[in-house]
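Chemist: In case you want the letters, here they are:
2 protein chains.
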Amino acid sequence: MHVVVPAGGSGTRLWPLSRAANPKFLHPLTGTDRSLLQATFDRLVPLCSARNLLVVTGSAHAAGVARQLPALPERNILVEPFARDSCAAIALAAAVVQRRSPGAVMASFAADHLITDTAEFAHTVRRAVDGARDGYLMTIGITPTRPETGYGYLQCSEPATRSVIQRVLEFKEKPSLEVATRYLAAGKYLWNASMFVWRTDVFLAELAARRPDVAAPIAEIAEAWDTELQEETLARLWPQVPKVAVEYAVMEPAAEDGRVGTVPGDFGWSDIGDFSTVGDLLGVDVGEGSRAFTTGAGGSAVVVDGKGVVVVPAGNRLVSTLGVNDVIVVDTEDAVLVCDRSRAQDIKRLTEILRERGELDRL
Amino acid sequence: MHVVVPAGGSGTRLWPLSRAANPKFLHPLTGTDRSLLQATFDRLVPLCSARNLLVVTGSAHAAGVARQLPALPERNILVEPFARDSCAAIALAAAVVQRRSPGAVMASFAADHLITDTAEFAHTVRRAVDGARDGYLMTIGITPTRPETGYGYLQCSEPATRSVIQRVLEFKEKPSLEVATRYLAAGKYLWNASMFVWRTDVFLAELAARRPDVAAPIAEIAEAWDTELQEETLARLWPQVPKVAVEYAVMEPAAEDGRVGTVPGDFGWSDIGDFSTVGDLLGVDVGEGSRAFTTGAGGSAVVVDGKGVVVVPAGNRLVSTLGVNDVIVVDTEDAVLVCDRSRAQDIKRLTEILRERGELDRL
Numbered sequence: 097m098h099v100v101v102p103a104g105g106s107g108t109r110l111w112p113l114s115r116a117a118n119p120k121f122l123h124p125l126t127g128t129d130r131s132l133l134q135a136t137f138d139r140l141v142p143l144c145s146a147r148n149l150l151v152v153t154g155s156a157h158a159a160g161v162a163r164q165l166p167a168l169p170e171r172n173i174l175v176e177p178f179a180r181d182s183c184a185a186i187a188l189a190a191a192v193v194q195r196r197s198p199g200a201v202m203a204s205f206a207a208d209h210l211i212t213d214t215a216e217f218a219h220t221v222r223r224a225v226d227g228a229r230d231g232y233l234m235t236i237g238i239t240p241t242r243p244e245t246g247y248g249y250l251q252c253s254e255p256a257t258r259s260v261i262q263r264v265l266e267f268k269e270k271p272s273l274e275v276a277t278r279y280l281a282a283g284k285y286l287w288n289a290s291m292f293v294w295r296t297d298v299f300l301a302e303l304a305a306r307r308p309d310v311a312a313p314i315a316e317i318a319e320a321w322d323t324e325l326q327e328e329t330l331a332r333l334w335p336q337v338p339k340v341a342v343e344y345a346v347m348e349p350a351a352e353d354g355r356v357g358t359v360p361g362d363f364g365w366s367d368i369g370d371f372s373t374v375g376d377l378l379g380v381d382v383g384e385g386s387r388a389f390t391t392g393a394g395g396s397a398v399v400v401d402g403k404g405v406v407v408v409p410a411g412n413r414l415v416s417t418l419g420v421n422d423v424i425v426v427d428t429e430d431a432v433l434v435c436d437r438s439r440a441q442d443i444k445r446l447t448e449i450l451r452e453r454g455e456l457d458r459l
Numbered sequence: 097m098h099v100v101v102p103a104g105g106s107g108t109r110l111w112p113l114s115r116a117a118n119p120k121f122l123h124p125l126t127g128t129d130r131s132l133l134q135a136t137f138d139r140l141v142p143l144c145s146a147r148n149l150l151v152v153t154g155s156a157h158a159a160g161v162a163r164q165l166p167a168l169p170e171r172n173i174l175v176e177p178f179a180r181d182s183c184a185a186i187a188l189a190a191a192v193v194q195r196r197s198p199g200a201v202m203a204s205f206a207a208d209h210l211i212t213d214t215a216e217f218a219h220t221v222r223r224a225v226d227g228a229r230d231g232y233l234m235t236i237g238i239t240p241t242r243p244e245t246g247y248g249y250l251q252c253s254e255p256a257t258r259s260v261i262q263r264v265l266e267f268k269e270k271p272s273l274e275v276a277t278r279y280l281a282a283g284k285y286l287w288n289a290s291m292f293v294w295r296t297d298v299f300l301a302e303l304a305a306r307r308p309d310v311a312a313p314i315a316e317i318a319e320a321w322d323t324e325l326q327e328e329t330l331a332r333l334w335p336q337v338p339k340v341a342v343e344y345a346v347m348e349p350a351a352e353d354g355r356v357g358t359v360p361g362d363f364g365w366s367d368i369g370d371f372s373t374v375g376d377l378l379g380v381d382v383g384e385g386s387r388a389f390t391t392g393a394g395g396s397a398v399v400v401d402g403k404g405v406v407v408v409p410a411g412n413r414l415v416s417t418l419g420v421n422d423v424i425v426v427d428t429e430d431a432v433l434v435c436d437r438s439r440a441q442d443i444k445r446l447t448e449i450l451r452e453r454g455e456l457d458r459l
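Read top to bottom, the protein sequences are chains A and B. Here my numbering is used: the first residue of the first sequence is 97, the next is one more, and so on. Here my numbering is used: the first residue of the second sequence is 97, the next is one more, and so on.
Check before you lean on any hint, since a few could be wrong.
Copies of the same chain look alike in the list, so a pair counts if it works inside one copy or between any two.
To be verified - Computed list of lysine to any residue pairs in SDA-like fashion (alpha-carbon distance at most 20 angstroms, straight line): (1) 444 x 419; (2) 403 x 436; (3) 268 x 282; (4) 268 x 280; (5) 403 x 419; (6) 268 x 309; (7) 403 x 449; (8) 403 x 437.
No lab work stands behind these hints: they were computed from the structure.
In isolation and in its complexed conformation, chain A is listed as follows (with noise of 0.2 angstroms):
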C-alpha cells in the first residue's frame, strides 16, 4: 500500500497563527511538540512505511516538508511548482505511485488533520483498501457528531455504520444550517474529509475518462518523472493542468455511476478548522471555560473575568484579557488577532481586507 498525503493550503482561518509561509500543517497543532505533518506521518508511517509515503507540496514548503520530516526519503516530496488545486495534486501522486509500483492500492490522506484513535483509524482504512481491492474508488466518510456547515458531505445508500463499506450516492456541497441539521437526523450522511483509497491504475482510468484535459499532462510528466527530463517537463506542462478540485472533476461523477463507495469512520477526527477549535481540543483550562493554547515560543496568558475565551500566545509574550468573554485572542511575533468567537470562521475574509490594503508581510 502507498500512502499520499497533499500538504497545500495556507489555513487563512488560523490567521496569525499560520501564515502563507508557515501554513498550518507545519504548526504543533497536535498536542505534542510534533507539527500536524508529523503527526500525520508518525500515523501513515505503520500502514506504508516511509519507502512509500509520497508528499505533494508547493515549492514555498518543500524545505520545511523535508525538515519535519527526516525520514522521508527525498524522492517521496513531489514539489508542485505553484498549487494547481487538489485533482492536479492527486493525478500527480496517483500516476507516480502507478509509474512506481503498477496497480498499487494508494490512498490520500490530509496533512493538516487530527486523529485521536489511531487504532480505529487503521482499522479503518484496511476496511477500505478491500473496498479499493474490488475496483470502488473509495473514500471515508467522518460520521458527523453536530450540524457543520464547513464542510461538504457524502450521501450514503444506506444509514451509515462505523466500518461497513457502502455505496456513495453523491457529493454534497457545504450546506446550509438547516440542511445540515437535517443530513445529520437522516442519520445516510457522512462529513467528506477528503480522505480517498483506492488502485491506482482504477482512478487514473477515470480520471482519463472524465477529464482528459488533466490526465494528458499528468501522464506525461510522471512518464518523465524519475529521469533528467523531469523538471523541464513539469515546467513546460504544470501550467496546462486545470484547476479542479478531485471531488468536482472525478468524485462526483464516478459516485453518479455507482463507483464510490464509502467506510464511514469514527477516530476522533478533527481538521483543527479555527481557533475556536484549538481551544477547545487543544487548550488548557485557565478558568471559567476560557482556555489558553500555548505554543513552544514561550508566551504565557492571564485571563481575568472572562468566559469562553480562547487565547493563543504565540509569541513570547504576556497576553492578559480583562472583563471579556467569548473572544479569541491570538499573539504572534508581528501580529495581534482579536476576535469574537462566533466569527472564528470569518477571519479569511480578514485576511481578504489585509490584502485589499497591502499588508502582504503579515499574511
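Got chain A; can you put chain B on it based on the hints?
Modeler: Just chain B now, kept in the frame of chain A:
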C-alpha cells in the same frame, strides 16, 4: 514665580503601555511626539523659565527626565530615593525653592496631565498667583463636565465661575456615582487635579503647624540641599518622612480654617487616566466609532466589524480585530492586553493579579 512638577506614579491603568520602569509621564500621550512630561514642561516654561522649574521624581526615572528635558538645569531635578507620597515630594520642593528664593510664589502641576487651551491655563494660573500673594493656599479646580467617580472634588463656597477666586470649604474623597451626580447638579464642586499655587513660606508654615513630623526632616534636608551634605542628609532622613498625601496632611485641615482658595479652571484638562480616554482624545477614527492610537513604535491597526474599539498598537505589530465591540486592545513589545471598555478603570486590579502571579518583569 517657581513651578514644581511632581513626576511620579506608574499609571497602572495604562498598563501595559505604562510600566514601573517607563511610566505614563514619559510617554507621548499628547497627540504629538512630545511626552506628557515634555508637554508639561513646554506649557510651564513660559510662566517661570526653565531656571525656576523643578521636577521631583524617583531615582528610577531621573535619567528619563534628564534626557527628555535637556533644557532643564540638572540642579532642578530633585531625585527622591524612593516614593514617600505627594506631601513629601511637594514639601521637599517647597523647601528647596524657599532656600533658593525665600518667599517666592510656587505652583505645582502633575507631569502627566494634558491641557489643550494653554492660554486659558496661563490666565487661570495668574489669577491663582494673585490669591497666593494674598496668603492663601490656592488650588486650581477643574470645572466638571460629567459625574466622574475617579476624582476627588473641591467643595466651593459659591457656584463656580471661571477664573473667579473663592474659598474652598472642603476636600471631598472620590464619590459614588449618585453623589457625583449631585455635585455636578449643585454647580459648587470642582475636580481636584492637585494643582496648587502658594507662597513657599506660607505653605511651609502650614506644614510645620499641622505636620511637624513631615516638616522637621524636610527642613533639615533642605538645609543641606545644594551642599556637600545633601546626599548623606537625604539618605539619613528621607526614610523617616511619613507617607501622606498633601491634600490629607495640609490642604484639608487648612480648608477647614478658611485658608484655601481656588480658581475654577476650564482649559481642556485631562489626566489621560485610562485607555478609553486615550482613544477618545488621541486616537484616530478607524470606522464605526472605533479609534486607534498609534505610538512611534510603528504598529498598525485594522478593525473589521467593530464598534467602539480602542486599539493601541505600540509594539511594531499589526493589531487586527474582527467582530468585537467596545474592547480595548493594547499591544506592546512584551505584553498584550484585551480589556472590555467598561473595565478600563480596573486594569490596576489586573496588574495586582499579575504581581501575585510573579509576572514582575512585565509590570
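Chemist: Would you mind marking each hint as holding or not holding in the structure?
Modeler: Here is what the structure says about each hint:
no., hint, verdict
1, 444 x 419, "between (27 angstroms within a copy, 13 angstroms between copies)"
2, 403 x 436, "both (12 angstroms within a copy, 13 angstroms between copies)"
3, 268 x 282, "within (14 angstroms within a copy, 70 angstroms between copies)"
4, 268 x 280, "within (13 angstroms within a copy, 65 angstroms between copies)"
5, 403 x 419, "both (9 angstroms within a copy, 17 angstroms between copies)"
6, 268 x 309, "neither (24 angstroms within a copy, 84 angstroms between copies)"
7, 403 x 449, "between (29 angstroms within a copy, 17 angstroms between copies)"
8, 403 x 437, "both (11 angstroms within a copy, 16 angstroms between copies)"
Hint check: a violation occurs at hint 6 only; the rest are consistent with the structure.
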